[in-house]
Every structure is written in structure tokens, then in C-alpha cells.
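*Asks:* Chains as they are written, first to last, in my numbering: chain E, 1 to 351; chain S, 1 to 118; chain R, 1 to 417.
Treat the hints loosely; a few may be bogus.
Derived pair list, reagent style DSS-like, types lysine-lysine, alpha-carbon separation capped at 30 Å [claimed, not checked]: (1) Lys-38(S) - Lys-325(E); (2) Lys-83(E) - Lys-38(S); (3) Lys-111(S) - Lys-325(E); (4) Lys-38(S) - Lys-73(E); (5) Lys-372(R) - Lys-326(R); (6) Lys-316(R) - Lys-372(R); (7) Lys-69(E) - Lys-38(S).
Derived by calculation from the structure, the hints in this document are not laboratory data.
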Amino acid sequence: MDLPVWIADYALPVAWITVQIVALVAPLMLAVAYLTVVERKLIGYMQLRVGPNRVGPRGWLQPIADGLKLLLKESIFPTQANKGVYIVAPLLSIGPALLAWAVIPFGPTYQTPFGEVTPVIAEVDVSLLFLLAVTSFGIYGVIMAGWAANSKYAIIGSMRAGAQMISYEIAMGFALIGVIMAANTLNIGEIVVAQSGGFWHWYFLPLLPLFVVFFISGVAETNRLPFDVSEGESEIVAGFHVEYAGMTFALFFLAEYANMILVSILTALLFLGGWHPPLPVAPFTWIPGPVWLLLKTALFLFFFLWFRATFPRFRYDQIMRLGWKVFIPVTLVWITVIGVANLTPLRAVFH
Amino acid sequence: MLESYLPILVFLAIALGVGVIALLLNFLVAPRNPDPEKLSPYESGFEAFEDARLRFDVRYYLVAILFIVFDLEIAFFFPWAVVLDELGATGFVAMAIFLGILVVGFIYEWKKGALEWE
Amino acid sequence: MAEIRNYTLNFGPQHPAAHGVLRLVLELDGEVVARADPHVGLLHRGTEKLAEHKTYMQALPYFDRLDYVSILPNEHAFCLAVEALREIEVPERAQYIRVMFDEISRILNHLLWLGAHAMDVGAMTMFLYTFRDRELLMDAYEAASGARLHANYYRPGGVNRDLPDTMPKYQPSKWHSEADLEEMNAWRQGSLVDFIEAFTDYFPDRVDEYETLLTDNRIWKQRTVGIGEIPAERALQLGFTGPMLRGSGVEWDLRRKQPYAVYDRMDFQVPVGTNGDSYDRYLVRIEEMRQSVRIIRQCVDWLRANPGPVRTSDYKVMPPPRAEMKQSMEALIHHFKLFSEGFHVPPGETYRTVEHPKGEFGVYLISDGANKPYRMKIRAAGFPHMAAMDEMTRGHMLADVVTVMGTMDVVFGEIDR
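Can you build the whole structure from these sequences, using the hints too?
*Replies:* Structural data, given as C-alpha cells:
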């Protein structure tokens with residue numbers, strides 16, 4: 001029996017891809033949901049409280065209850081809002097936040113009876129460039145949300161968020177250039193391979209300034225404390241999403257947390273050797289690579305939460321100053337250092 | 001080559017689909033009881049003085065313009081960084097000149113106060 | 001060229017950082033404040049007028065509800081005014097109790113201020129930490145007066161009752177194991193004085209802990225240094241008092257300059273700032289908490305060594321003991337007259353102040369000889385501070401409005417009265 005050509009050529013691959021994507025997105029959503037519980041629990045313990053402990057055993061069903069509540073809540077559409085833009089904005093927030101995961105590799109290429117298998121949805125050569133392009137789309141969601149709601153708090157918040165996110169994107173981009181200069185590839189998987197060996201081969205040591213700049217810029221990109229002026233609760237109440245409620249709000253929320261995980265996993269991949277164990281010897285190599293990757297991701301997620309419990313909020317102009325006058329010069333200097341070192345015997349340090 | 005982008009296309013549809021389905025579900029199951037007070041723009045409990053869509057501080061736009069310059073710079077850097085090893089000293093010098101010009105511009109902005117906020 | 005307009009923004013009353021019910025109309029030029037116009041009065045309850053229709057003793061609880069963060073100093077000012085007009089002799093032990101509870105209130109107030117201020121600036125953990133310690137002091141309030149917040153404990157002529165010999169203890173429940181309970185009740189085995197002493201041993205370390213989180217924190221410094229600066233001379237002109245004035249470097253403390261109760265016997269220092277910015281005021285208040293602990297410690301030592309009466313024996317202003325009422329007709333009549341008609345205050349007028357945690361809190365009392373005030377005017381410490389809102393925020397950014405509001409330590413109960 002011959003399958004029609006279009007089924008064999010298009011429908012089957014698409015179906016297979018869809019299965020893969022669902023296998024990624026479903027755990028991701030679950031991770032986002034449980035990140036909120038972990039956040040509340042962790043910050044709770046830092047603040048001498050216990051966090052949520054009523055829904056389900058020890059509060060572990062809390063995110064389900066939260067999700068249901070948001071689903072059953074009325075979404076408000078303010079009279080003076082620009083309805084179309086108002087609805088599209090959360091979609092433009094969640095879309096890129098999920099789409100970016102298409103190029104994230106979760107482990108090395110495995111040899112299987114069916115050939116080589118790489119745990120990544122889209123094996124793209126310029127995955128880093130793609131990532132940079134997609135994540136910058138998230139800004140549109142924020143700006144449109146603030147503009148459409150027609151509330152002054154929302155518009156101040158979205159203006160701040162827009163300026164802040166683009167500023168830190170530059171610092172982030174320069175930090176990435178340092179990584180590319182060291183790895184000579186735009187493929188995230190190959191960047192990880194270039195770091196194979198013990199932890200002294202990982203890029204966080206030779207590229208230490210860029211590592212710090214990248215992660216802190218990531219915190220600023222996701223609008224988390226201490227950079228959360230776009231939704232700074234005590235100044236502009238909730239910033240760009242002040243008018244959103246119910247599911248429209250939930251989408252912003254999901255996007256923010258998905259972005260947090262994305263920044264963490266990216267930092268782990270680019271600077272902390274991805275799925276490589278810290279020491280390439282026996283007890284460490286028994287643990288599979290993806291587990292190492294997730295552990296490293298969890299470490300950075302912990303930093304996100306730790307920051308939130310510890311720091312006061314920056315003022316808006318201080319954020320801009322940090323981004324433009326500290327981070328960008330630091331990355332420029334370090335790029336030059338790498339460039340010069342590349343021409344000398346020192347280049348071994350960076351490769 | 002291009003087929004490696006097919007998953008991204010499918011992913012795009014699914015990513016937006018997740019959002020759309022969530023919103024649709026919300027419309028189906030959530031109550032809708034609009035009233036004028038609920039739908040008025042939030043401004044800390046008082047009537048807003050004026051429309052929120054006013055002219056805005058020019059510095060936000062300045063940041064946007066600076067961003068375009070620097071983002072383009074990054075875009076030029078990417079391919080250069082990938083083939084850095086093959087280019088050798090010539091490549092480095094060429095990029096150093098390019099970077100030098102931009103740094104001069106950056107210093108000019110800095111001194112002009114385009115990065116100041118108060 | 002088109003005219004560039006500033007835009008106007010309502011900040012409060014329904015706002016997370018409005019400290020209750022402040023409505024601030026802000027005129028913004030981008031992010032920069034061009035004008036800040038506080039609209040007060042949303043919490044106006046007419047305390048002064050209400051007091052004119054109540055006997056002196058009935059007016060007292062209204063003072064709890066003025067500045068509901070530092071309750072007992074409010075009552076203290078009123079009691080001082082009434083005592084001055086009627087020339088009531090206050091037993092020494094009552095004065096020590098008052099001083100001790102004034103300082104406990106100061107710590108309570110500064111702890112709430114610290115938590116709220118830090119949270120306004122974004123450090124939310126601080127809030128939970130300070131509330132942990134507030135809880136202990138509120139237990140002290142409760143043990144002495146029966147209420148955690150609105151104590152209604154001082155009376156013209158002393159305090160309502162002597163400090164209790166036992167502390168209320170935590171009871172077993174399914175949430176706390178035996179070991180937990182033992183730890184939680186460790187301080188509560190003895191009297192209230194023992195409990196407070198244990199607190200004075202424990203608290204200075206906590207202040208160090210708060211300082212670790214904030215004092216050298218770069219972000220905290222960036223957010224507070226140079227914000228809401230007021231030079232000493234200007235602060236005097238604006239009528240600032242308390243930490244707001246001391247932060248600008250003026251050493252003015254009523255506990256020192258016009259000692260009332262037994263403050264003249266206390267050994268303590270008055271911290272002053274130098275720059276008059278939010279950071280200096282923060283440091284001043286932190287140091288005041290340490291000094292308060294010292295004063296409390298001295299009171300504890302004295303109170304333990306000197307038992308005695310805490311109420312005046314003049315049964316015209318303080319009810320006689322229960323036991324006496326069972327036997328003495330005169331005592332019963334005194335009791336009845338006091339709680340129906342109240343006591344009369346000779347004609348005259350007076351202005352009495354206390355060093356309230358927020359500044360000078362004064363009661364101006366005019367009596368025409370009746371059993372209720374002819375006129376009562378309250379000087380709220382926060383009101384002149386609030387009036388300087390515009391001056392302190394102009395030229396700063398939107399986020400600094402919140403810092404300035406936090407550093408003023410405003411409570412609308414007393415500002416709106």
C-alpha cells in the first residue's frame with residue numbers, strides 16, 4: 001500500500017514534530033507552574049514563613065488551583081482600551097517565550113539504532129541568532145499591552161520595560177559575541193561541545209565578565225527584581241499588565257516564568273558547560289548529561305529567587321546607567337581582550 | 001537545509017495556539033459581568049485626569065535609536081566572530097577599526113549626556 | 001513647535017505604596033516629578049471634635065486611633081495635658097512604666113517603618129523580618145493592657161494596672177510540637193518584665209541583622225542617599241520634628257530638651273544625621289532603636305527593684321480598687337461618679353508634648369472647668385512632614401516619591417485625625 005505523497009512527505013513529519021513539541025511544551029508548562037510554587041516556598045522560608053501549604057499535600061497542588069482560578073476569572077477589557085491590540089499583546093508575549101525553546105538542546109547527540117538523535121526540536125545552525133531574534137519579540141507584547149490598556153501606570157510601565165529590555169539586549173548580545181569568538185560557531189549544541197572536559201574548560205572562567213553580564217542582563221530582560229521597574233509594585237502598581245485579569249494576565253505570567261527558565265538554561269549551556277559533568281571522571285559521568293543541564297538550570301533559577309528575596313529595587317535611571325555605562329563598556333573591553341588574545345599564544349585560554 | 005526550519009514553523013503555530021486556546025477557554029468558562037466602574041481605567045481609585053496616550057519623554061526614543069545602532073553592530077559582529085580564527089590578524093584589525101568608530105560614537109553620546117536620565 | 005505638556009497622575013489612595021489613604025496628585029515630566037500635591041483628609045474622623053463631647057477618660061481611646069502604629073505615646077501626651085491642668089500627682093512607678101512603653105512603642109513604630117520603607121523600595125523580606133519582632137512587643141502590649149494594638153493603657157494619674165506577673169503562653173495545638181512550644185514559651189515563664197528583659201537581650205542582634213541587609217547594600221544606598229534632602233535650616237522652617245529633623249543634623253529631642261516623666265533620669269544618646277537625606281534618616285532611626293533598648297533596660301532594672309503603686313490615690317480621677325468598693329460606700333460613689341460624670345478639670349489651658357517616634361506630638365487642651373474638654377487641638381507629628389512633600393520630591397523621579405513617602409514615616413490616622 002502506498003501512502004499518498006503528501007502524507008509521507010508532509011503530514012507524517014509534521015505529526016512527528018508536533019509530538020516532539022508537545023513533549024517539550026507540556027513539561028515546560030509544568031515546570032513553569034511548579035517554579036511558581038518553588039518560588040513561593042523558597043522565598044517563604046527565606047522570610048520565615050512556610051509558603052503555600054493548603055492545596056494538596058504540603059501545598060504541591062497550588063499551581064493547579066492557581067491555574068484554574070485564573071481560567072475561571074473574568075478577563076477585563078477596559079472601555080477605552082484598544083481591544084484588538086489588547087488581546088494580541090499577551091499572545092505576543094507567550095508566543096516568543098515558547099518559540100525560543102525550539103533551538104534549545106537538552107543533551108549531546110546520542111547514537112541509537114535509528115541513527116543519530118539530538119534532543120532538540122529544530123537542529124538549526126544559527127540557533128543563537130534565532131534565539132536573539134525571537135526573544136526580542138517579547139518586547140512587542142509588553143509595549144502593546146501598555147499602550148492598549150490606556151492607563152497611565154500601564155503606559156509608564158511599558159515605556160520603562162521597552163527601554164530597559166532593549167538596553168540590556170545590547171549587553172546580552174555583546175556577551176554572546178564573546179562566546180561565539182571563543183567557540184567559533186552559532187550553534188548552541190556545538191558551543192556546548194566546545195566546552196567539553198572538566199569545569200576549567202567551561203566558558204565561565206575565561207569569560208567571567210561576560211558570564212556575569214549575561215546572567216544579570218538576563219534578569220533585567222525578564223523584568224525580575226531588582227530590575228522589575230516595569231511592574232514595580234510600589235510605584236506603578238503592576239506596570240504594563242495593570243488592567244489585565246484572568247487568562248490574559250496568566251499568559252503574561254507564564255511568559256515571564258518561561259523566560260526565566262530560558263535565561264537560566266541558556267546561561268548553563270553557554271557558560272557552564274551545558275550537559276557536561278564538572279569533572280570528566282567516574283562518579284560524575286554516571287549521571288546522564290540532561291540531568292546535569294537541569295541541575296545547572298536549577299542553580300540559576302535559584303539565583304533569580306534569591307535576588308528577589310534579598311535586593312531592593314533599582315530606580316529606572318539607575319538601571320539604564322548600569323546597562324549603558326557599566327555593562328556595555330565591560331563587554332566591549334572583554335571582546336577586545338579576546339580578540340587580542342586570539343593573536344597571541346594566550347588564545348588557548350579562550351578555546 | 002530549509003527543512004530544519006520546518007519544526008520552527010510548527011512550533012510557532014503551537015506556541016501561538018497555546019495562547020489562543022487558553023484565551024478561548026477563558027471566554028467560554030469565565031463569567032462576564034461588565035460594569036462601567038469595572039471597565040474604567042485604573043488610576044488609584046480616582047477618575048483619570050486625561051487620556052493616557054500622551055506625548056512621551058523623548059529620552060525613551062533616544063534609547064530606541066541608540067539600540068538600533070548597537071544592535072546592528074552586534075549583527076555585524078556575529079559572522080565575524082564565527083570565522084575569527086580563519087581571518088587572523090587582518091580580520092581583527094578590520095573589526096577593531098569598525099569597533100573603534102563605534103566606540104568614538106559611544107563616547108560622544110556619553111559626553112553629550114544622551115545616557116543621562118535626570 | 002507644539003507645546004510640551006506635563007501629565008498628571010493620581011498616586012493613591014488605592015495604591016500599594018500610599019501608606020493608607022494618601023492621594024497624591026503628581027505632575028510628571030516624563031519620569032521626573034514637576035509637582036507633588038498631597039490631598040489629605042480621606043481618613044478624617046473628627047477626633048478633636050469628638051473629644052469635646054466625651055469625658056476625659058472616654059476621650060483617651062481616640063488617641064490610640066490617631067497614630068495607630070505608636071499608640072501609647074499618643075495617650076501619654078493627652079495624659080500629660082490633663083495631669084498638668086488638674087495637677088495630678090503620678091506615682092513614680094507609673095512614670096517608669098510609661099517611659100518603658102513609650103520606648104517599646106518607638107521600637108514598634110520604627111520596626112513597622114523600616115519594614116514598610118524597605119518594601120516600598122523593593123526589599124520585601126525586610127517587612128517579614130521586622131514583623132517577627134513586632135510580634136514579641138505586641139505580646140508585651142497585650143500582657144500589660146489586654147490589647148495588642150489599641151492598648152488604652154495610660155490614664156490621667158498613672159496607668160490602668162500594674163505589670164502582670166505572668167505572661168500568656170502558647171497553648172498546645174496540632175501545629176506545634178512539645179519541643180516547639182517549649183522554645184516558644186521559653187521567655188514567657190516569668191513576668192512581663194522578664195519577657196521584656198529577654199527582648200532587650202535579643203533585639204540588638206536583630207538590628208545588626210537588618211543593617212546587614214540594608215546599610216551597606218549598594219542598591220539601598222543608591223535609592224536613599226541624596227533623596228529627599230532637607231537642609232537643617234529649611235527643616236526648622238518647615239516645622240519638622242523627630243527623626244526628620246535630627247536626620248538633618250539638628251539635635252532636638254524633647255526627651256532631652258524638655259524632659260517629661262522620668263526621661264531626665266535615663267542614660268541615652270540622641271543620634272543625629274549630617275546630610276538630611278533619606279539614608280541619614282534611616283541611620284538615625286536604626287540608632288534610635290538601639291537607644292530605646294538601652295532605655296527599656298534601665299526601666300526594667302528600676303521596675304524590678306521598686307514595686308509600688310501605679311495609680312494615683314486620688315479617687316476623683318482614678319477608680320478605687322475593687323476590694324475597697326465592696327466595703328466602702330465612699331469608694332462606690334467615687335467609682336460611680338467617675339464612670340458616669342467623669343472628673344472635672346479646672347479652667348485653664350495647656351500644651352503638652354511628647355517625643356513621639358515620628359516627632360513632636362502635642363495636645364493643646366482648653367478646659368472651662370467641665371468634665372470634658374472645651375477645645376482640644378492635636379499637633380500631629382507627621383502633618384508638617386507631609387506638607388513638605390512637594391518640596392522634597394520636586395525634581396526627583398517617580399520612584400523617589402515612594403522613597404520620600406517612606407522616609408517621612410507617615411501614618412494617616414494622625415495626619416487626617
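*Asks:* If a hint holds in the structure, say so; if it doesn't, say that too.
*Replies:* Here is how each hint holds up against the structure:
| no. | hint | result |
| --- | --- | --- |
| 1 | Lys-38(S) - Lys-325(E) | violated, 43 Å |
| 2 | Lys-83(E) - Lys-38(S) | holds, 16 Å |
| 3 | Lys-111(S) - Lys-325(E) | holds, 11 Å |
| 4 | Lys-38(S) - Lys-73(E) | holds, 14 Å |
| 5 | Lys-372(R) - Lys-326(R) | holds, 29 Å |
| 6 | Lys-316(R) - Lys-372(R) | holds, 14 Å |
| 7 | Lys-69(E) - Lys-38(S) | holds, 19 Å |
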